[in-house]
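Protein chains in written order, with my numbering: chain X, 1 to 118; chain L, 1 to 118; chain W, 1 to 118; chain G, 1 to 118.
Be careful, since some hints might not be right.
Which copy is meant is left open, because identical chains are indistinguishable; a pair holds if it fits in one copy or across any two.
[Said to hold, decoys possible] Below, in silico cross-link-like pairs of lysine to aspartate or glutamate (EDC-like), each with a Cα-Cα straight-line distance of 16 Å or less:
hint	residue 1	residue 2
1	K114	D59
2	K83	D5
3	K95	D106
4	K83	D12
5	K107	D5
Quick caveat, the hints were computed from the structure, so don't treat them as lab data.
Number of protein chains: 4
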Amino acid sequence: MSQPDALTDLRDRLRLFAADRDWDQFHTPKNLAAAMTVEAAELLEHFQWLTAEESASLDESVRADVAEEMADVLLYLVRLADKLNVNLHDAALGKLAQNAAKYPVDKARGHARKYDQL
Amino acid sequence: MSQPDALTDLRDRLRLFAADRDWDQFHTPKNLAAAMTVEAAELLEHFQWLTAEESASLDESVRADVAEEMADVLLYLVRLADKLNVNLHDAALGKLAQNAAKYPVDKARGHARKYDQL
Amino acid sequence: MSQPDALTDLRDRLRLFAADRDWDQFHTPKNLAAAMTVEAAELLEHFQWLTAEESASLDESVRADVAEEMADVLLYLVRLADKLNVNLHDAALGKLAQNAAKYPVDKARGHARKYDQL
Amino acid sequence: MSQPDALTDLRDRLRLFAADRDWDQFHTPKNLAAAMTVEAAELLEHFQWLTAEESASLDESVRADVAEEMADVLLYLVRLADKLNVNLHDAALGKLAQNAAKYPVDKARGHARKYDQL
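Full structure from sequences and hints, please.
Dropping the structure here:
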């Protein structure tokens with residue numbers, strides 16, 4: 001039997017986790033969006049005073065803390081997607097296709113300007 | 001042949017996308033953390049004036065916009081995980097196990113207090 | 001002699017604080033913008049699971065914590081304004097005038113739609 | 001007659017602005033905290049791909065956009081402080097005193113470590 005996809009697996013585990021604790025009442029899309037933003041910012045906090053170089057060679061203990069914040073962002077994102085009936089993989093593939101059209105290789109190469117300034 | 005996992009698939013596509021455009025230079029963990037936080041906040045913007053109830057019954061056009069912001073968060077998250085050699089599924093499973101221990105069903109049921117106030 | 005304005009007073013105190021600690025090197029606009037966003041999100045964390053009603057009647061201890069996060073946001077904002085030579089009061093008055101034009105009383109009254117949907 | 005303090009002036013203008021539009025119903029502390037975080041992130045967006053050096057020498061048009069985002073953060077912060085009866089100047093002075101104690105000059109000089117790692 002095939003294993004479920006990682007995103008599906010997490011979705012199902014989160015459903016159970018919330019049901020066991022009667023937490024669906026708190027998991028409105030609005031609250032989940034706020035919680036996800038908070039976790040993203042907690043992740044950013046680890047980097048706020050680092051140089052670009054330092055941010056690319058984290059101490060192992062910082063890297064582990066950052067990995068936990070990444071997990072928090074993913075868990076809230078998966079939960080939000082479940083509540084809004086969004087297929088995250090499909091949404092991401094759609095966005096990648098959009099970005100490929102907005103940032104053609106020959107125009108976007110080597111700089112970080114926004115698509116409307118290419 | 002088995003399909004790659006959604007997260008692995010996105011990781012590989014993003015590697016190629018960045019390489020084609022010579023964008024690795026911009027994708028420091030610090031910058032990716034900032035970009036991910038910005039996308040999370042853009043998602044939150046859709047909900048900021050909505051009531052909890054309104055946030056649970058979005059117009060289809062708003063839901064589609066929100067799905068795009070979710071895709072943006074996921075794409076930056078996957079890219080950051082790649083840069084920091086973090087396996088997102090494993091990190092999320094680890095966090096779920098931690099949360100299960102911090103929020104035992106009998107103590108956490110039905111309220112949203114933090115684990116240190118259970 | 002007249003007292004300095006609150007914003008000017010804080011600007012001057014922060015200059016001294018940073019100079020004493022040789023922290024100007026860390027206070028790039030980019031880093032200050034990240035730090036301010038992190039503090040705003042830490043403030044938001046206090047509200048993420050609250051209902052609208054609960055958020056309007058905080059326990060005194062939560063209110064005090066929130067006040068500290070507000071102070072953090074203000075301090076980074078004042079510091080960033082100093083680094084970018086922005087007069088915050090003038091900028092805020094300018095924005096208020098813009099908003100008054102974008103949201104005329106008769107069209108904006110009683111709902112939270114964006115100006116382009118009035 | 002003495003001029004009102006900038007923060008008091010903005011507070012009063014925002015009260016009138018909201019009253020004219022019957023917007024107090026939307027200005028719960030929770031919503032204001034979310035809106036302020038969104039504006040902070042929009043400010044951060046201007047910096048996300050810039051190097052530290054680039055962030056310190058913005059084009060004038062970018063600086064003007066950033067000043068508008070700063071105004072937005074300040075306006076929501078002042079509005080939130082009003083709703084929670086927080087005196088922002090006092091809160092900021094209190095936080096500065098706390099920070100001075102947590103980061104003594106001799107220990108904090110020249111590095112950006114957190115107070116618990118000095």
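| Identical-chain pair category, K83 with D12, by Cα at 16 Å | within (12 Å within a copy, 27 Å between copies)
| message | I want to check one pair: K83 and D5. Are their C-alpha atoms no more than 16 Å apart within a copy, between two copies, both, or neither? | response | Cα proximity of K83 and D5: none, with 18 Å in one copy and 22 Å across.
| message | Treating 16 Å as the Cα threshold, decide for K114 and D59: within, between, both or neither. | response | Between copies only: 15 Å across, 33 Å inside.
| How would you label the pair K107, D5 (within, between, both, or neither) given a Cα cut-off of 16 Å? | Answer is neither: 35 Å inside a copy and 31 Å across each miss the 16 Å cutoff.
| query | When no copy is specified for K95 and D106, does a C-alpha distance of 16 Å or less occur within a copy, between copies, both, or neither? | reply | For K95 and D106, neither the intra-copy (19 Å) nor the inter-copy (38 Å) Cα distance is at most 16 Å.
Hints 2, 3, 5 from the list above are not met by this structure, while the remaining hints are.
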